[in-house]
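*Asks:* Residues per chain, in single letters:
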Amino acid sequence: MASTGNKSGTAVRALRWVSWMALAALLTGCVASSYRMTLALEPSVQDPLRGVPKASVALGRFRDSRTDAAWYVLLYKPNAPNFLKPTELAWLKTNSVAGVLRDGAAEALGQNGFKTIGGPSDTFHNGLTAAIERSEFKADPVASYLLCGDIKSAGCRNIQRLFAHSIIKTWLTVRFDLVNQADRLTVWHDTYTGQTTMTNHSGGEFLAIAFAAASDDVMRQLVTDRTFRSYFEP
Amino acid sequence: MKTKLFHVLMKDPRIRAIICIGLAGLATGCVFMRKPVTLTLAPPAGQPLPAGSKASLALGEFKDTRLVTDGFVLVQDENAYGPTEGAFVTEKPVAELFRDGLRSALEQDGFPITQPAPYELRGNLQSSGVRVIEGFMFPREIKFWLTARFDLVDSATGLTVWHDTYTGQNTTTNLTWNRKMFVVPACSNMLVNTITQLVSDRMFRRYFEPQPTNAP
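Keeping their order, the protein sequence lines are chains A and B. With the numbering used here applied, the first sequence covers 1 to 234. With the numbering used here applied, the second sequence covers 1001 to 1216.
Keep in mind that the hints were calculated from the coordinates and are not lab data. Even for Gly, the Cβ is constructed at its ideal location relative to N, Cα and C. Don't take each hint at face value.
Stated by the list, open to error - Example chain B residues on the side facing chain A (calculated, C-beta under 8 Å, incomplete):
id : residue
1  : Leu-1041
2  : Gly-1082
3  : Pro-1083
4  : Thr-1084
5  : Phe-1088
6  : Thr-1090
7  : Ser-1155
8  : Pro-1185
As the list claims (entries may be wrong) - Once the Cα atoms are required to be at most 25 Å apart in a straight line, the calculated SDA-like pairs of lysine to any residue come out as:
id : chain 1 : residue 1 : chain 2 : residue 2
9  : B       : Lys-1063  : A       : Thr-197
10 : B       : Lys-1143  : B       : Ile-1133
11 : B       : Lys-1035  : A       : Asp-190
12 : B       : Lys-1063  : B       : Thr-1165
13 : B       : Lys-1035  : A       : Trp-188
14 : B       : Lys-1063  : A       : Thr-224
15 : B       : Lys-1063  : A       : Asp-190
16 : B       : Lys-1063  : A       : Trp-188
What the hints assert, rightly or not - A short, non-exhaustive set of chain B residues, derived as facing chain A with CB atoms under 10 Å:
id : residue
17 : Thr-1065
18 : Gln-1076
19 : Asn-1079
20 : Gln-1126
21 : Val-1153
22 : His-1163
Let the sequences and hints guide you as you build the complete structure.
*Replies:* And the structure:
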């Protein structure tokens, strides 16, 4: 009889452990979701060049030199500082983040009267061989300038509030280099940080919207930069 | 008598729960409150510009794009889960205080500030933060940092002729329970450190320093 009691006690204890583990898995699972998606940027900047542009620009290599995310990771929402893993992560199905940004830059320049010459979206990232990168630099010899980009950092900052949803501030920092195709020298470069602030946040859709808004801010800064425009405006 | 009453009260689970909730409220409340502070920047005198500078400058727009809740936030508070809406806040926007401090530093060093001027200096407080270095039991030191970008714009063409980004820092080890006692001087030093880097930058000064008469 005593033996049966011990056995049932052990079973109950084991069951308790299993339920604790299931609960822990459920809790951590909720905050470690990943979303696979496609994204195409639709820049909203409207500040067309005045007159016919005096030079053309080709979209060159766009790199992704973020140190905390892979080339296909669009954005992630970090967990508490003491935990390393992200809570929500959005990643791209087919293209690289740098490729998405390159397409967005082409779109932004094109719709503002810049004479852009550029091939289709690339899937280049930091793992490319130097040979392919060099060939990319020779892609459009007819354009006067080559616009290259480099994603320096991107992320979300979660500011907690006591009785309401947290404020999420998303940023994207990109460096642009304008290279003269004749001598391959950088004639202009600048780094912009695009930002957006949101309070309604959950899921992959939020991360995509936040990234698109931050990159839209970057495109606005690029297109409206008077020094950058001076290379094209007549 | 008091001790007996305390023991009787503490035996009641409801009272224990109320006390726990009250303590939790007190503990978390500190990092969710806005704490007003007074900040004045007094940059030290640097190397004065030689007399007869070749151009004057105007102070243009100073933006604040730090990832904080609003422009009055000097430092955003943090708990174990990261930043909270609690903050040390100044009376005027931080960008405005910074601009005033920069104006006084430039004037002290003999930069002619006029309106209008051939050059306009614009600024952007891009990011700021705090890093706590933990000791054995308590924080050992706290590092405050601020990254600011400056653009010198040719007023005639509207083109940027020079720009640079500096990170000002200050480390404090004099940590007290009253955090205002070390946050305010540390942030003041951090802002002054950023200003000093700009004012002493030789590339920036080149636009204002007179040409040497014996130049080849």
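*Asks:* Hint by hint, note whether the structure agrees.
*Replies:* A quick look at each hint next to the structure:
1. Leu-1041: violated (24 Å)
2. Gly-1082: Result: holds, 5 Å to nearest chain A Cβ.
3. Pro-1083: Because about 5 Å separates Pro-1083 of chain B from the closest Cβ in chain A, which is inside the 8 Å limit, the hint holds.
4. Thr-1084: Hint on Thr-1084 of chain B: holds, closest Cβ of chain A at ~5 Å, below 8 Å.
5. Phe-1088: With a minimum Cβ separation of about 14 Å from chain A (threshold 8 Å), the hint on Phe-1088 of chain B is violated.
6. Thr-1090: Since chain A brings no Cβ nearer than about 18 Å to Thr-1090 of chain B, farther than 8 Å, the hint is violated.
7. Ser-1155: violated (12 Å)
8. Pro-1185: Violated, because the Cβ-Cβ distance from Pro-1185 of chain B to chain A comes to roughly 25 Å (cut-off 8 Å).
9. B:Lys-1063 to A:Thr-197: It holds: about 16 Å lies between the C-alpha atoms, which stays within 25 Å.
10. B:Lys-1143 to B:Ile-1133: holds (8 Å)
11. B:Lys-1035 to A:Asp-190: Between Lys-1035 of chain B and Asp-190 of chain A the Cα gap is close to 37 Å, so the pair fails against 25 Å, i.e. violated.
12. B:Lys-1063 to B:Thr-1165: Satisfied, since the Cα-Cα distance of roughly 14 Å is no more than 25 Å.
13. B:Lys-1035 to A:Trp-188: violated (43 Å)
14. B:Lys-1063 to A:Thr-224: holds (16 Å)
15. B:Lys-1063 to A:Asp-190: holds (17 Å)
16. B:Lys-1063 to A:Trp-188: OK: Lys-1063 of chain B and Trp-188 of chain A at ~23 Å, within 25 Å.
17. Thr-1065: holds (6 Å)
18. Gln-1076: Hint holds; Gln-1076 of chain B Cβ to chain A Cβ min 7 Å, cut 10 Å.
19. Asn-1079: holds (7 Å)
20. Gln-1126: Holds, because the Cβ-Cβ distance from Gln-1126 of chain B to chain A comes to roughly 6 Å (cut-off 10 Å).
21. Val-1153: Cβ of Val-1153 of chain B sits 8 Å from chain A, so the hint holds.
22. His-1163: His-1163 of chain B check passes; min Cβ-Cβ to chain A is 8 Å, inside 10 Å.
In summary, the structure is inconsistent with hints 1, 5, 6, 7, 8, 11 and 13 from the numbered list given earlier, while agreeing with the others.
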